[in-house]
Amino acid sequence: MQGIIILDHDSDDDSYEVLDLTEYARRHHWWNRVFGRNSGPIVEKYSVATQIVMGGVTGWCAGFLFQKVGKLAATAVGGGFLLLQIASHSGYVQVDWKRVEKDVNKAKKQLKKRANKAAPEINTLIEESTEFIKQNIVVSSGFVGGFLLGLASHSYTNLKIVNWGK
Numbered sequence: 008m009q010g011i012i013i014l015d016h017d018s019d020d021d022s023y024e025v026l027d028l029t030e031y032a033r034r035h036h037w038w039n040r041v042f043g044r045n046s047g048p049i050v051e052k053y054s055v056a057t058q059i060v061m062g063g064v065t066g067w068c069a070g071f072l073f074q075k076v077g078k079l080a081a082t083a084v085g086g087g088f089l090l091l092q093i094a095s096h097s098g099y100v101q102v103d104w105k106r107v108e109k110d111v112n113k114a115k116k117q118l119k120k121r122a123n124k125a126a127p128e129i130n131t132l133i134e135e136s137t138e139f140i141k142q143n144i145v146v147s148s149g150f151v152g153g154f155l156l157g158l159a160s161h162s163y164t165n166l167k168i169v170n171w172g173k
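Heads up: the sequence shown at position 166 corresponds to 173 in my numbering, and the numbers run straight through without jumps.
None of these hints come from the bench; they were simulated from the model.
The calculated lysine-lysine pairs, modelled on DSBU-like cross-linking and capped at a C-alpha distance of 30 Å, are: (1) K109 - K120; (2) K124 - K141; (3) K109 - K119; (4) K105 - K120; (5) K105 - K119; (6) K113 - K124; (7) K116 - K105.
The model shown is predicted, which means the values in this text are computed figures rather than measured ones.
Produce the complete structure using the sequences and hints provided.
In structure tokens:
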């Protein structure tokens with residue numbers, strides 16, 4: 008059992024209490040440290056309609072930004088790859104494919120090692136996130152719906168208003 012020994016100051020005798028760190032971390036969630044002790048689930052503070060609207064609006068904003076940034080990143084990566092292919096085809100760049108393959112395999116091995124070391128931290132984060140979503144299911148579902156609408160809203164932002172005559 009992992010724990011910290013704490014001196015109990017309320018009594019005259021020297022008594023100690025063992026505090027299990029893993030149990031303490033499960034009882035005291037990360038959002039309490041960030042937002043304060045009185046920041047319970049949003050369910051307790053707002054009506055269902057307000058929660059859905061808040062989740063939907065923030066989800067739409069996140070989805071819209073994700074779509075725009077994703078499009079920009081895809082354009083940059085695709086354009087860079089296209090320029091590299093043109094330079095390679097023109098003879099400006101020669102690629103040592105055996106060295107590329109060796110470096111990729113080395114990177115794969117390093118990623119596997121790092122992934123195995125990070126697994127407990129990731130599992131804790133997933134557990135905390137799942138608990139947060141369960142406690143705030145209405146806002147979470149509104150966020151997911153808004154996020155999907157934000158991703159799909161690109162075609163509506165490019166519409167032009169046309170005056171078809173008077």
